[in-house]
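K.L.:
Sequence:
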Amino acid sequence: MQRLRSPLLFQTLPASARLWECQRRHIRHHKGRQKRRTEGPLRNTYPTFDISSLLLDLDAEGARGVRNFDSQLDGVPREGGVWNERELQPIKERIADFERAYRESDSKFKSLSADRFHPLHISDLDFLAAALFGQPNAPGTAARSRSGASSPVSSYEGMLDSALDMNGIPRSTRINTESTIKYMLRRRAVARDVSPEPGDETSSRLAFDKYRTFSEIDRLVTRMIQTPEGCQLLSSASDELHASLIGLSDMKPIRLLSLLNNVLINLDRHGLHVSTKLYELGIWTALKFQAIATAHRYITRMVARGYHSEEFMKSILNQLSESSIATSHFISYQFQLNPSSRLGMVFSLLTGYVPGEEKSTVSLRSFVNRENPNSFRLYIRCLARLGAFRTIWHEWHAADSKLQGIGADAHRLSAFTENGYLVVAILEALAKNNDMGNLIKSPEFTNVTGNFREDCQLDMSAISKWADTLASPENSIGEYTSTTIFAARREILRRIFEGKQMQSAFPAIQTLFTQITSPR
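According to numbering that gives the first Met the number 0, numbering within the sequence shown proceeds without interruption in unit steps and concludes at 519.
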């Protein structure tokens with residue numbers, strides 16, 4: 000008889016109950032708790048029994064569809080730990096991905112640390128950017144790492160992402176700003192432990208030839224000027240820096256001016272050599288961008304170091320006349336929006352006069368060769384565009400007396416008198432800006448003193464008052480061409496300026512200029 004269930008599951012009847020013949024009384028006896036074996040496993044006491052594979056064969060004998068075992072068709076029986084391996088497979092894949100990302104990040108950081116002049120080394124500006132991006136109203140590094148979005152490399156946000164990636168800071172670790180900055184501090188500390196090498200000077204020069212975008216050069220220069228040793232390396236590679244900046248195509252004038260200002264100030268502070276080409280590039284950029292105060296500082300430092308020539312000063316005068324007086328159509332910064340301050344700085348750069356100061360500053364007036372008609376004509380033309388006719392009077396008579404005093408030949412002297420070089424410069428300025436008639440018609444136009452500094456002060460006051468008129472774009476007289484004006488008025492103006500009495504000459508100048516600028 001086959002037992003279907005355990006006797007413990009059968010119904011238990013009390014001892015007084017009457018049983019049928021087929022029933023059997025089952026009495027449960029209390030069993031105590033078994034003691035724990037200390038002798039070892041049961042297989043050491045009781046022999047194990049191995050079932051022969053013949054049992055399977057006997058059971059399957061004579062059944063349809065039964066064949067002998069084939070490992071190629073039936074497969075290999077799984078081992079006991081297959082289930083655990085299946086559960087651990089996702090964890091192992093994540094660990095493998097983490098180790099692969101770690102190796103890639105470590106490899107990037109090692110390659111960057113080996114190159115001491117790589118532009119993507121972590122700088123103080125990166126810490127500031129990471130902190131600002133972590134503010135509530137700014138897209139933080141964690142948000143960008145989760146979204147996987149990459150900003151353009153031209154923006155500083157994109158450059159920060161590139162710097163973090165290149166320094167081996169994985170995006171998965173940028174959980175928040177605090178953890179990102181801690182990682183950045185550690186990476187920068189490790190990178191700075193790399194000791195200087197004898198070939199760093201050559202490497203710094205090659206670095207400027209290697210990197211061809213303004214953002215990379217800007218980061219490289221900013222990192223180098225943070226230490227005195229880096230400033231020395233930058234000083235030795237100033238010519239290469241100039242060549243790299245000239246060859247850039249993605250360069251904005253305001254960013255170039257900021258970079259040059261940073262370089263020149265730091266190198267000058269340490270008394271290091273600065274390439275003349277860098278000074279010239281800074282002056283051209285400042286004048287083109289109408290940052291006159293910055294250009295004046297560059298010229299002062301360049302003159303103090305002995306870097307100046309007549310041709311260089313002539314080119315500065317030409318640049319002033321063409322792009323620094325009239326207001327540019329592409330103005331977007333505060334120092335460009337105030338023509339009164341800008342034109343006052345142009346006048347100080349030309350004459351050296353600064354309101355409220357006894358001593359004159361370095362000016363183009365000190366380096367203009369009055370024996371050269373072309374150079375002196377540019378100087379007078381700039382003053383005429385500013386409406387500084389009192390200063391022009393003094394410069395006219397100073398040049399005329401100097402030429403006669405040194406016994407110049409008739410041809411050189413006629414350049415300022417008969418041929419009227421200075422007269423032409425004045426009339427050109429009037430022809431280009433017909434709105435200057437408002438300044439000429441004002442009652443204070445005839446106020447003169449005969450003293451150079453006092454008349455410079457009067458001209459400075461007039462420039463400040465009529466700055467909007469003087470800085471207006473070119474407004475030509477119209478059908479009256481400059482040639483017609485020169486032919487009709489040149490001789491009259493020359494005779495007026497040849498007079499010795501300034502007080503009597505300026506009413507005549509006012510009458511003549513009023514006729515020229517009056518509408519026909």
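Hints are not guaranteed to be accurate.
Unchecked claim - The following label-pair restraints were derived from C-beta to C-beta distances: (1) N337 x Q500: 57 to 63 Å; (2) I94 x I264: 47 to 53 Å; (3) S463 x E357: 51 to 57 Å; (4) A130 x P169: 17 to 23 Å; (5) E370 x T445: 37 to 43 Å; (6) E38 x D73: 36 to 42 Å; (7) R36 x D73: 37 to 43 Å; (8) R268 x D238: 19 to 25 Å; (9) N450 x Q514: 38 to 44 Å; (10) R36 x A95: 42 to 48 Å; (11) R211 x S365: 36 to 42 Å.
Said to hold, decoys possible - Okay, derived cross-link-like pairs now, SDA-like style, lysine to any residue, Cα gap no bigger than 20 Å in a straight line: (12) K34 x T44; (13) K276 x R296; (14) K431 x I515; (15) K276 x T326; (16) K181 x F213; (17) K287 x R304; (18) K287 x D267; (19) K181 x D105; (20) K251 x R304; (21) K107 x I90; (22) K464 x T513; (23) K440 x A397; (24) K287 x C230; (25) K431 x R488; (26) K440 x S359; (27) K109 x E92; (28) K107 x S122; (29) K499 x Q514; (30) K181 x L256; (31) K431 x Q318; (32) K107 x D96; (33) K276 x I224; (34) K251 x E310; (35) K431 x E310; (36) K499 x T510; (37) K499 x T445; (38) K287 x S235; (39) K440 x F366; (40) K440 x E427.
Read the hints as simulated data drawn from the structure, not as lab findings. Only a predicted model underlies this, so the values are computations on that prediction, with no experimental measurement involved. For glycine and all other residues, C-beta sits at the position ideal for the given N, C-alpha and C.
K.L.:
Does the Cβ distance between S463 and E357 fall inside 51 to 57 Å?
P.N.:
The hinted range 51 to 57 Å is violated for S463 and E357, with Cβ atoms some 20 Å apart.
K.L.:
Just tell me: holds or violated, for the beta carbon distance of R268 and D238 against 19 to 25 Å?
P.N.:
The hinted range 19 to 25 Å holds for R268 and D238, with Cβ atoms some 20 Å apart.
K.L.:
With a cut-off of 20 Å on the C-alpha distance, tell me whether K287 and R304 pass.
P.N.:
violated, 23 Å
K.L.:
For R36 and A95, compare the CB-CB distance with the range 42 to 48 Å and indicate the outcome.
P.N.:
Holds, since R36 and A95 (Cβ atoms, about 44 Å apart) stay within the stated range.
K.L.:
Could you check the hint for me, namely that N450 and Q514 are 38 to 44 Å apart, CB to CB?
P.N.:
The hint (38 to 44 Å, Cβ to Cβ) is violated, given that N450 and Q514 are roughly 29 Å apart.
K.L.:
Is the hinted pair K107 and S122 satisfied, with a Cα-Cα distance of at most 20 Å?
P.N.:
holds, 17 Å
K.L.:
Just to be careful, I want the Cα atoms of K276 and I224 compared with a cutoff of 20 Å; is the pair within it?
P.N.:
Given pair K276, I224 holds - Cα atoms ~19 Å apart, limit 20 Å.
K.L.:
Given the hinted pair K431 and E310, is their Cα-Cα distance within 20 Å?
P.N.:
Roughly 25 Å separates the two Cα atoms, so the pair is violated.
K.L.:
Next pair to validate is K440 with A397; report whether the Cα-Cα distance is within 20 Å.
P.N.:
Given pair K440, A397 is violated - Cα atoms ~27 Å apart, limit 20 Å.
K.L.:
Given the hint that K181 pairs with L256, test it: the Cα-Cα distance must not exceed 20 Å.
P.N.:
violated, 33 Å
K.L.:
Can the restraint linking K181 and D105 be considered satisfied, given a maximum Cα separation of 20 Å?
P.N.:
holds, 17 Å
K.L.:
Take the C-alpha atoms of K107 and I90, compute the straight-line distance between them, and say whether it is at most 20 Å.
P.N.:
violated, 26 Å
Of the hints listed earlier, those the structure fails to meet are numbers 1, 3, 5, 9, 15, 16, 17, 18, 20, 21, 23, 24, 26, 27, 29, 30, 34, 35, 38, 39, in rising order.
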